[in-house]
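Undergrad: Here are the chains, one letter per residue:
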Amino acid sequence: MWGKTLQFLPESSLREGLLPWVIGVMLFLCTLSLAGAFAIGQGLERWSNHLTANLSVQIVVKDAIERENQTQAALRLLNATPGVEKAEVLADSEIIALLSPWLGEMPIDNNLPIPTLIDVKLDESADRPDTKALSERLRAAAPGAQLDDHQAWMTQILELAAIIQILLWSVVFMVVMSTVAIVIFGCRAGLATHHESIEIMHLMGAEDKMIAKAFDARYLIHGLKGGLLGVILAATTLWVLSRMAERLGQGLISASLPDLSYLSWLFILPIAAAIITMLTARITVRKALLELM
Amino acid sequence: MISFENVGMRYGMGAEVLTDVSFSLDRGSFHFLVGPSGAGKTTLLKLLYLAHRPSRGLVNFFGKDLSTLERDALPRIRRRIGVVFQDYRLFEHMTAFENVALPLRIQGAKKIQVADHVEELLSWVGLGDRMHAKPATLSGGEKQRVAIARSIINKPDLLVADEPTGNVDAEMSRRLMQLFVALNKEGTTTIVATHDEGLVKRVGAPVLRLDKGQVSYTPGGKPMDPRK
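From first to last, the protein sequence lines are chains A and B.
Residue numbers for the first sequence follow this note's numbering, so the first one is 1 and each next one is one higher.
Residue numbers for the second sequence follow this note's numbering, so the first one is 1 and each next one is one higher.
The set of hints was computed from the structure by calculation and includes no laboratory data.
Worth double-checking, as some hints may not be accurate.
[Stated by the list, open to error] Straight-line C-alpha distance at most 25 Å; calculated BS3-like pairs for lysine-lysine: (1) K4(A) - K212(B); (2) K132(A) - K121(A); (3) K4(A) - K287(A); (4) K155(B) - K134(B); (5) K201(B) - K213(A); (6) K213(A) - K64(B); (7) K155(B) - K209(A); (8) K209(A) - K287(A); (9) K4(A) - K185(B).
[Claimed, not checked] Selected chain B positions facing chain A (Cβ under 8 Å, derived; list incomplete): (10) A73; (11) P75; (12) H93.
The beta-carbon is built from N, C-alpha and C at its ideal position, and this holds for glycine as well.
Build the full structure now, drawing on both the sequences and the hints.
TA: This is the structure:
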């Protein structure tokens, strides 16, 4: 009662009491979207870093002796190329393992014409070789060689990821805007409920900032409560999802989840929610008070 | 101290509720405001306690022309005006003490000063033993006295009372009027709106009579006998 804020408003009404829950749900959605957006960015960075540090060369020649000759020629050329750390042929068993998702399980000795695959690891500390020139030189040394720098499909995946990120950020923006709108409605309802009290304070000579401060304090707590609720729910959801992803194994599911250690920023959100809620309430109340003489 | 010159008031695009109202309230004066329902008493009171600006005319409060005052300057003037509402307008969730303390707290008075003043005033209005009661547990007369105490706690220059005896019995009405007159004698300019012509006659103070939005002045009769 005697704090710096002259709190003349009665305890929260039921209608106002629902506000933290609504803010909590909005924050939950916002947090999941943010976590998704960050995780996609983080996962893609890791993935593209790995892929851009590698090249693949296929030797597609039907005759086994000729294929072996061209493979050796390509290996010599690749290992002598500046910027290449190591080039080595993948074993048939590894190639079959790579093909198994499409062709199913099959024996190694299956008479299927399988191209030779050379995995080229680039030296990350050196300049990346010019893939176009390297491809031409490879063709000259081994006519059956095809160089793949993964750019064609990487570009598509990065574009798709960028679109998903934009969508997620849009969701975050919309959720924040919706939260602001909900707080404005809540605040207006509060103003209507307490209209008489506000008018009496106003007529007793209370300045606008003094009246608005009572709402500031009230809505700061609403925002903080709602923010904590939403973030705790979201953090729990992300933790459960990451545990499930661990059980299911690596791949897309785990790639689309952020590291749990990376989630410490989540706890900034309740403070942000509290500040946004308070500022929204302050602006709404100050604007409404201007309607009084 | 307060003067109205050719004041007109209309709400929105409606007809004028007050037309060319002119009067002045001298420092330390006591006036009644009377008139039939719909005559514009409430509107005039709202102008007197600065709830509205007039649509036209000149209004001067404590030597300041209202039309030239910025909105930010009004709270300081409002703190010099005490208002007693007909329906009390007490904060139901606060005690009598807290309600009466509000004007002092708005002015930023220290806690100890607030406590001393409020206790003293509540005792003066006969509510020394009801300080921590909430309005819901108080009678009509007690609520009215809390409302009066709240309106005078910061020693206002002007006291505006709207039907302060409207909801109380005759005995309480007499006691409240004694309270107003006592306050007036301490220098508070007082204006009391009432329907009670008997009360006006008993007190014998000058009367501002409102009818169809226009005001007329009747000088006071014989001085009030506080025992009546």
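Undergrad: Please go over all the hints and tell whether each is borne out by the structure.
TA: Taking the hints in turn, this is what the structure says about them:
With a C-alpha separation of about 47 Å, the suggested pair K4(A) and K212(B) falls outside the 25 Å cut-off, and the hint is violated. As the CA atoms of K132(A) and K121(A) are separated by approximately 17 Å, the hinted pair is consistent with the 25 Å bound. With a C-alpha separation of about 23 Å, the suggested pairing of K4(A) with K287(A) holds against the 25 Å cut-off. The hinted pair formed by K155(B) and K134(B) meets the criterion: a straight-line CA distance of about 24 Å does not exceed 25 Å.
Of the pairs offered as hints, the one joining K201(B) and K213(A) is violated, with about 47 Å between alpha carbons and a cut-off of 25 Å exceeded. A hinted pair counts as satisfied when its Cα atoms are at most 25 Å apart, and K213(A) with K64(B) does not qualify at roughly 29 Å. Among the hinted pairs, K155(B) with K209(A) is consistent with the structure: their alpha-carbon atoms are about 24 Å apart, no more than 25 Å. Taking the CA atoms of K209(A) and K287(A), the gap is near 11 Å; set against the 25 Å cutoff, the hint holds.
Restraint check for K4(A) and K185(B): the C-alpha separation of about 36 Å exceeds 25 Å, so the hint is violated. Nearest Cβ of chain A to the Cβ of A73(B): about 11 Å, over the 8 Å cut. The hint is violated. At about 5 Å, the closest approach between the beta carbon of P75(B) and any beta carbon in chain A falls short of 8 Å, and the interface hint on this residue holds. Restraint check, H93(B) versus chain A: the minimum CB separation of about 4 Å is within 8 Å; hint holds.
Consistency note: the structure conflicts with the earlier hints numbered 1, 5, 6, 9, 10.
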